[in-house]
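Asks: Residue numbers (this note's numbering), protein chains in the order written: chain A, 1 to 443; chain B, 1 to 228.
Calculated directly from the structure, the hints in this document are not laboratory data. Incorrect hints may have been included.
[What the hints assert, rightly or not] Label pairs and their calculated CB-CB ranges:
id	chain 1	residue 1	chain 2	residue 2	range
1	B	Val18	A	Ile417	45 to 55 Å
2	B	Thr63	A	Ile417	39 to 49 Å
3	B	Arg97	A	Thr405	37 to 47 Å
4	A	Tyr426	B	Asp73	16 to 26 Å
5	B	Ser116	A	Phe320	48 to 58 Å
6	A	Gln429	B	Asp133	37 to 47 Å
7	A	Arg39	B	Thr63	32 to 42 Å
8	B	Arg228	A	Asn338	50 to 60 Å
9	B	Arg97	A	Phe320	43 to 53 Å
Positions of the beta carbon are idealized from the N, C-alpha and C atoms, including for glycine.
One letter stands for each residue in the lines below.
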Amino acid sequence: MATNTAILETRARNAPSSAEIVFAPLEGSGSVSWSEIARTAFDSLMANRVRSFLTMLGVIIGVASVVALMALGEGASKSITSQIESIGTNLLFISPGQLNNGGPGQGNVAAQTLSMDDYEAIKALNLPINGVAPSVQNVGTLVAPAADKNVSIVGTTPAYFTLNNLTLNSGMLFDETQTQDGASVIVLGSNVARDLFGNGQAVGQIVRLNGQPLRVIGVLEKKGGGGFGSTDDNAYMPITYVQQRFANMRTADGNKYRVSSLTLSVTDSKDISGVQGRISALLRERHHLASDGTNDDFSILSQDSILGTLNTITSLLTAFLAAVAGISLLVGGIGIMNIMLVSVSERTREIGLRKAVGARGQDILLQFLVEAVVLSLTGGLLGLALGFLIATAVTFSGLIIASVTPLSVALAVGFAIAVGLFFGIYPAQRAAKLNPIDALRYE
Amino acid sequence: MITVQNLTKTYQMGDVQVNALNGVSFEINKGEFVALMGPSGSGKSTMMNLLGCLDTPTSGTYTLDGNQVSQLDDVELSAVRAQKLGFIFQQYNLLPRQSALRNVELPLIYRGIPGSERHTRAAAALDIVGMGDRMEHRPNELSGGQQQRVAIARALSGSPSVILADEPTGALDTKTSAEIMSILQRLNREQGLTVVLVTHEHDVAAYAERVLTMRDGELVSDQKQTPR
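Only chain A is shown next, with the shape it has when bound in the complex (with noise of 0.2 Å):
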């Protein structure tokens, strides 16, 4: 008992009493640190978790929804970009009449202006090209012992398949002999092969088209890509018999044959615009045509161009739907506006009594505008993640390879801060203004 007196004695005169330290002067930086505003925020949002969550919710689909569609507008652009590119490199692609729809090769189907002599004619001009190839399409139906089946016929030249990157997975391309005499023989696009003769062998096999028998000589490599029709679908022959045998495509003269288009591929891409002009003034004069392009019966696109269109189109819809998306976010934010509102009058007692106690209005106005921001920024990170997993589960389904770019991710999260910051800012003026004597008598 004695020691233990003792001990206590010796606290007791060491030890400042709880008065003493109470009541010493006490000096403070006089403003709020931001890890009690944080906490303050945090704890009054955990106070009322279903609701927080419930709130969050509008900005966490709307930064879900934004991050999604951004990430599949990309992957779109980059697929379109990838298949357009995989047809060849530095293309032109010449069709008859003045082209205001349809796609490369298409041209205007009506016009009837592009012959074999104007396709002799760019041959014999020297250009600095790989090559260059027409084409003729048309459709028809392909029947097999087994099977038949509607292919777009495709009637060309050998050159035709080195320019859009057509490769043999078995048998052999017709040559230039077989297309000058028009060959009765047929190179199947992987596809046709199959719903032909399904898994079994092709080549050497008899296909009719009309009643007339065609060797099947060649199957193409499987390419892939969709879209625009694939190349896999398609059934290719010697241009003249397509021309001469299968369908009548003599010129209006009747001393020629027409082509749907002529496919050319330049050297060096620094040269496109070159050839793309030389091409232009051959044709006007073949045509007869004026030399300022007024009149032109025929149209050059090149693959840059299709490329930089498609994209325009592309990103213009992403753009588009992402901005849908934006909207609800607005929506989220006025959400959070309302909330806000409703627990700035539930705690007007509260607010009076931190007043009271020492608190300026732009205590008050801070502590809630960091509340509003930390459920709109909360929201949008939880709504980044919930992109991002749309964004995988669509690249895993195989659809398109969704990217989630760091712009989109840059701007969802600013995005949520700003609606925090706009919708927040009413409701906490409300609080900060509060007059403490009402506050603390508020019922």
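Once you've looked at the hints, dock chain B against the given chain A.
Replies: Frame of chain A; chain B shown alone:
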């Protein structure tokens, strides 16, 4: 410590002007325990709001601790409340989801006191009011008397010059009221703390050494008494 001179406060209620205070003057010295009494409508609550720097007078001057506070703006008044005043309310006004300790720390947070010092001071303040062993309890785990003790600790934690108690026993039974009043009396006697108490109960006012009585916005009596 406190000097008010010719203080008036006029409210506009619709078309009618209400004179809540009609030129009140008095002085309260450091270390005094003063009770402010009067029936409802006498202006004692208005007086309390002015003394607590929660409101500004229509005219007259209020000097607290040598500083003219009657003409300060909102931000300056907040600073005065934080540094000079400690409030005790009838309804305790504790933050319901925070521990007793955290409630007592609140005034220190707004003064920018760092965490460890805040903690020490708040714990000491709770110790003084006999709540040292319930620091982690939340208000809903405490009785009314215990909550009011926590509120007193909160008023003390910022080392104020004056404690303003607005009907501190209004929600408590007689026995607990007596306990709360003895705590205030002890702080006044042992620490020399200035206490201003607003009440309409004579039993409660009996703990004070001086009673100011108001009626119709005027000070009608100022009497010294022997506290119980």
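Asks: None of the hints should be skipped; say for each whether it holds.
Replies: Verification of the hints:
no.: 1; hint: Val18(B) <-> Ile417(A): 45 to 55 Å; result: holds (47 Å)
no.: 2; hint: Thr63(B) <-> Ile417(A): 39 to 49 Å; result: holds (46 Å)
no.: 3; hint: Arg97(B) <-> Thr405(A): 37 to 47 Å; result: holds (42 Å)
no.: 4; hint: Tyr426(A) <-> Asp73(B): 16 to 26 Å; result: holds (23 Å)
no.: 5; hint: Ser116(B) <-> Phe320(A): 48 to 58 Å; result: holds (56 Å)
no.: 6; hint: Gln429(A) <-> Asp133(B): 37 to 47 Å; result: holds (42 Å)
no.: 7; hint: Arg39(A) <-> Thr63(B): 32 to 42 Å; result: holds (37 Å)
no.: 8; hint: Arg228(B) <-> Asn338(A): 50 to 60 Å; result: holds (54 Å)
no.: 9; hint: Arg97(B) <-> Phe320(A): 43 to 53 Å; result: holds (46 Å)
In summary, the structure agrees with every hint in the numbered list given earlier.
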